[in-house]
Amino acid sequence: MKNIFRTLLLLIPFGSLQAQVSTTEIFLVDIIKKDKKVTYGKPVNITNREGYDNQPEFSPDGKKLFYVSMPDTTQSELYEFVIADSTTNRLTETPESEFSPRYAPDGKTTTMVRVDADKTQRFYQFTESPEDLYDLANGIDSVGYYCWINDSIVGLAVLNNGMELYIYEVRNSQFIVLEKNVGRCLMALNSGNNLIYTRQSGDAVTLMNYDLTQGESNFYAEGMKGVTDYALAPDGKIYCGSEGKLYLMDPNGDKKWNEVADFSKTIGNFYRLTASRDGKRLAMVGYKGKRP
453 MKNIFRTLLL LIPFGSLQAQ VSTTEIFLVD IIKKDKKVTY GKPVNITNRE
503 GYDNQPEFSP DGKKLFYVSM PDTTQSELYE FVIADSTTNR LTETPESEFS
553 PRYAPDGKTT TMVRVDADKT QRFYQFTESP EDLYDLANGI DSVGYYCWIN
603 DSIVGLAVLN NGMELYIYEV RNSQFIVLEK NVGRCLMALN SGNNLIYTRQ
653 SGDAVTLMNY DLTQGESNFY AEGMKGVTDY ALAPDGKIYC GSEGKLYLMD
703 PNGDKKWNEV ADFSKTIGNF YRLTASRDGK RLAMVGYKGK RP
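Counting from 453, one number per residue, gives the positions in the sequence shown under my numbering.
Hints are computed from structural coordinates only; laboratory data are not their basis.
Any given hint could turn out to be false.
As the list claims (entries may be wrong) - Each computed DSS-like pair below joins lysine-lysine, with the alpha-carbon atoms no more than 30 Å apart: (1) Lys732 x Lys494; (2) Lys485 x Lys677; (3) Lys697 x Lys516; (4) Lys488 x Lys708; (5) Lys708 x Lys689; (6) Lys732 x Lys485; (7) Lys677 x Lys697; (8) Lys742 x Lys494; (9) Lys485 x Lys689; (10) Lys697 x Lys515; (11) Lys516 x Lys732; (12) Lys717 x Lys742; (13) Lys707 x Lys632; (14) Lys632 x Lys494; (15) Lys708 x Lys740; (16) Lys486 x Lys632; (17) Lys516 x Lys489; (18) Lys742 x Lys486.
The model shown is predicted, which means the values in this text are computed figures rather than measured ones.
Please take these sequences and the hints and turn them into a complete structure.
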């Protein structure tokens, strides 16, 4: 049986253990575009149970949603929700804890972070069986979060007295340490050359854009005060949530956070969120009480 206390504290360093095992729910929201207007549908709770459900991530085609759940409160497993028929499939049932499920860029295999028996946290890829694993970042054993930038380069948030951002070349196992003390939010632009990440100083949050072709980071947008989780729309706009309300910013437009929907009476407070690549849906993690 794995050490759940170490797992949670490592993977989510900014929250308390008590908060992390409290109830969180995942909601789906349709993005409705009509007559050049955008509205947001009624949230649908796809988990609807007591316990920890978190880290949603859409499949590339937008037809499924990966997420992490603790079915028995002792370890985390990976699940997928099929949107068309509202069915849920369990992807893992192992002695270890798995986190951060995503499709690999090939669209066929799955990647994840797993806490192994020796308490290391590694970045793995598997096809149909989670027992058939390939360590994608051999030699790096403290991976907290990650984001594929393109089919061969991934951004890794590595735990080392805070989090360091690595730019890792999978094919030749080479990497650079780009920056120290970054946030957990990592997002890739559709260009395949840009990684958006966060810098934090107290409650101030800045979103930075690392350009692979130029090999440098530049300012992307000012985050909302105290908000650490963001989601990229397909057109490069940014979503975030605060006090149950959904905000959107166009970093190439007015550069202001504009309220676009109020979910305070349906979801309540939410923090983590993600947008589908086709721009049709959002997934949000709702919570009660103090933010996890």
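Status of each hint after checking the structure:
| no. | hint | verdict |
| --- | --- | --- |
| 1 | Lys732 x Lys494 | holds, 13 Å |
| 2 | Lys485 x Lys677 | holds, 29 Å |
| 3 | Lys697 x Lys516 | holds, 25 Å |
| 4 | Lys488 x Lys708 | holds, 20 Å |
| 5 | Lys708 x Lys689 | holds, 11 Å |
| 6 | Lys732 x Lys485 | holds, 9 Å |
| 7 | Lys677 x Lys697 | holds, 14 Å |
| 8 | Lys742 x Lys494 | holds, 24 Å |
| 9 | Lys485 x Lys689 | holds, 15 Å |
| 10 | Lys697 x Lys515 | holds, 25 Å |
| 11 | Lys516 x Lys732 | holds, 12 Å |
| 12 | Lys717 x Lys742 | holds, 17 Å |
| 13 | Lys707 x Lys632 | holds, 26 Å |
| 14 | Lys632 x Lys494 | violated, 39 Å |
| 15 | Lys708 x Lys740 | holds, 27 Å |
| 16 | Lys486 x Lys632 | violated, 43 Å |
| 17 | Lys516 x Lys489 | holds, 26 Å |
| 18 | Lys742 x Lys486 | violated, 36 Å |
When the structure is compared with the earlier hints, violations turn up for hints 14, 16, 18 and for no others.
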